[in-house]
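As they're listed, the protein sequences go chains A and B. Under our numbering, the first sequence has 347 at position 347, and the numbering climbs by one with no breaks. Under our numbering, the second sequence has 219 at position 219, and the numbering climbs by one with no breaks.
I should point out that these hints are in silico values taken from the structure, not numbers from a laboratory. Beta carbons are placed, not taken as given, at the ideal position from N, Cα and C, and that holds for glycine. Possibly wrong hints are sitting among the right ones.
[To be verified] From the structure, some residues in chain A lie toward chain B, with a derived Cβ separation under 7 angstroms:
#, residue
1, A134
2, T240
3, P285
4, Y443
5, L448
6, S474
One letter stands for each residue in the lines below.
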Amino acid sequence: MNRWIPALFAALLLLAGCSGSTTRTEALPDIYPDYIGVTVPAGIAPLNFNLPEEYDRVFVRVAGSRGGELRARGRWAAFPIRKWHALTRQNAGGTLTVTVLGHKDGRWTQWQDFPIYVSDAPLTDYGVTYRKIAPGYTTYSHIGIYQRDIHSFVEEPIIESTLTPGQCMNCHTANATDPEQFLFHLRGRHGATMIQQGGAREWVTTKTDSTIGNVAYCYWHPGGRWFAGSINPVRQSFWTGDQRTIEVFDLASDLVVMDVRDHSLVVDPRFTTPDYLESSPAFTPDGRTLYFCRAKAFPVPQEVEKIRYDLVRTSFDPETGALGDIETVFPASREGHSISFPRPSYDGRWLMYSQADFGVFPISHEEADLWLMDLSTGETRPLTEINSPVSESFHNWSSDSRWFLFSSRREDGLYVQVYIASIDEQGRCTKPFVLPQKNPRKYYHNTLYSFNAPDFTKTRVRFDTRGVYRDVFSDERIQSTVKP
Amino acid sequence: MNKKRILILAIAAAVLLAGASQVAFLLRYPYFRKYAVQNGISLREARKAWGHPDQLSEVAMGLTVEAALENWDAVAALAAEDRKSEIGTYYYNLANAHRGQLADRLLDYYQPFERGLFLPVGERSTPFQIACAGDVWFALGDMSMAERDAMLGMLFSPAHTGPRYLRRLAETNLVTGDYEAASKYLRILLNTPAERAWAQERLPDAWSPEYRARIGRKRALLPRLDVVHGMDQTQLILRILLHSNPDNRMALDYLLCYDLLTKDLDAFVADYDPDRTASHLYEEAMLIFLAAKGGMDGENFAHYHISERNFNRFNDFVRIYKRDGGSLQNLTEEFGKTYWYFYYFAKRNEN
């Protein structure tokens, strides 16, 4: 039967109007984005792609190793969503073989076929959330938090700055991808931490007389009663050389834990000393351990290159909120490195983090890479199959921990995009794919925003924007207190 | 005349009136249209962004439009029409700096201290100020700051994009040699019909000898020291530019004028080398310093190239100042444009 497939395909081409001679080449097609050899979950949005601009027409056939076939033709390869879903579901655990023909100057070229692997691990989460922001710059202008259905191309705002003029919003943080409980911090004159639980929201001032500011980087305790937050008065500086431009650092930083039942803060002097900087806390799924990063403080910005964060952890008592002793897990500073954003997988198997040469903001560090720690052995390794020569950071796990996403500047070294990859039980990762778009070249080449702080969201985030303006500008806040 | 005909005539009259109004507006405010083009917005949006157009706003639009095109003669001419605005002073100074006259002509014009040299970029800045703030950094050779201000200017602009900002972002990256990042912006401009020719000429493999020379001149100004600095460390940035390229005369004059406008005479004396740049302004500042430190002697006068005329004028100024008990009344006419007058009488407007 297989020997008939090329003949059938040629006939299809004729039917499709691909008249004229066809040149075959052994090279792989130069498609954008690079989806060659990536692994995707069944039911992901179609991996539409473009050929270089000089090709005015494209004809694509996608054949499943477990059956099924899909064709697309036009200015770029765009697949119908339902048929794509059906094909990927039929081929979960199998391979899609993609045949590409491009038309230029009256001639068709057929490249070597390439595979797209469909994982047998489903990605059931609804989508991803992210901030869209000018690349690398702390700003309070046009900015927003958005959610994107990863099974289609639908993107919608959760909150945009047009709703709260002059206020900048920090990362949206859900509880282990579940938006039934989520928060974000609004910076600016009318700043507050918005906490939404079960549809009811509160605007809380988390700064107290005993703390240096409002919480910025937060992480929910799996039980839902607490969240840990680092207080980071962020500043931005600039390099004069032509290889790096921006440096983002904290003037100081401390770590606190909030009890959302009564808005009281656990402020422990061991975690708020001015001699050290604490940042990006994350609870383990059993809720008994809190990982975070910690560095010796130096004057900034002049000695910012001396600030290197170690990976540390402490025990946590979910009954009282009490924190234990600080234990160094990985003394990266001794080796001349700096760790940020430790993220334990929700199944407790792995811990992923960013590693750069110094500092706390890997997104502006070209050398920043993702590393993976096996929590059962403590062994750690760079994710060489994921990393690129430029910055990788801001990673998060899917709700079942079989997939993760991260930010990378690999496209042009400047604008950050969201990539998704799977991980198996041995910790091996597949080639990541960039978040699909309906017309990828048009979308990614024209956008002037970076996708910042992405995370998976298990279900669609519901945030009623009615009344937000009034809530923000009324300055009616719940004042947090310090636990005795 | 039936009702239908009356209706048609009324609509035609309304269209004609609207068209005439638009033409009248364009004749009166031609820079609004150019500003709209540079910002990728309609004329209506440009008018809306500004509020109530008037001659002052037309001048401000003209300054930013001509500066983006690097038409410094036009900038200087427009600045002469401005009435005491920070934007006006900023472009007046920049146009003079391009002609090597920053210091000589500094105090011929309203100077709101250092804010006339570098526009502040912060939460209290207007979108218009932010859009203009990078022009001086681009001229001085600091591409990090120029890129930052182009990026922020774009974000705060009416359409959050626009050829003016995309051009600058493309060029800052071409100067630093980051062709991947430059391509991002050139690609967008190539898809904008009015910008296609500009972008095509800047594709790295299509540079003309003239454009290659322009990039070469810009690259010669780049700092070769990689130092991190805060947003408010203007003097440090200028000193780094000078350390990398002592021939960057514009950076030197901006540094010295910054020292003088902030009345930081100790910094001025440390930064000033009379064999590298000269101006009556610098002589005037040195006279204050030498008088205060007890260095009014021939050796210092020779070293700092202080003319006898300036020395005598300074003595006259001091004499009148003391005679009138520190009053400016009898000093304004003759000394109103000297550094002595600025140093003793200029007060910051803290509002």
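Item to check | Violated hints, by number in ascending order, as checked against the structure | outcome: 3, 4, 6
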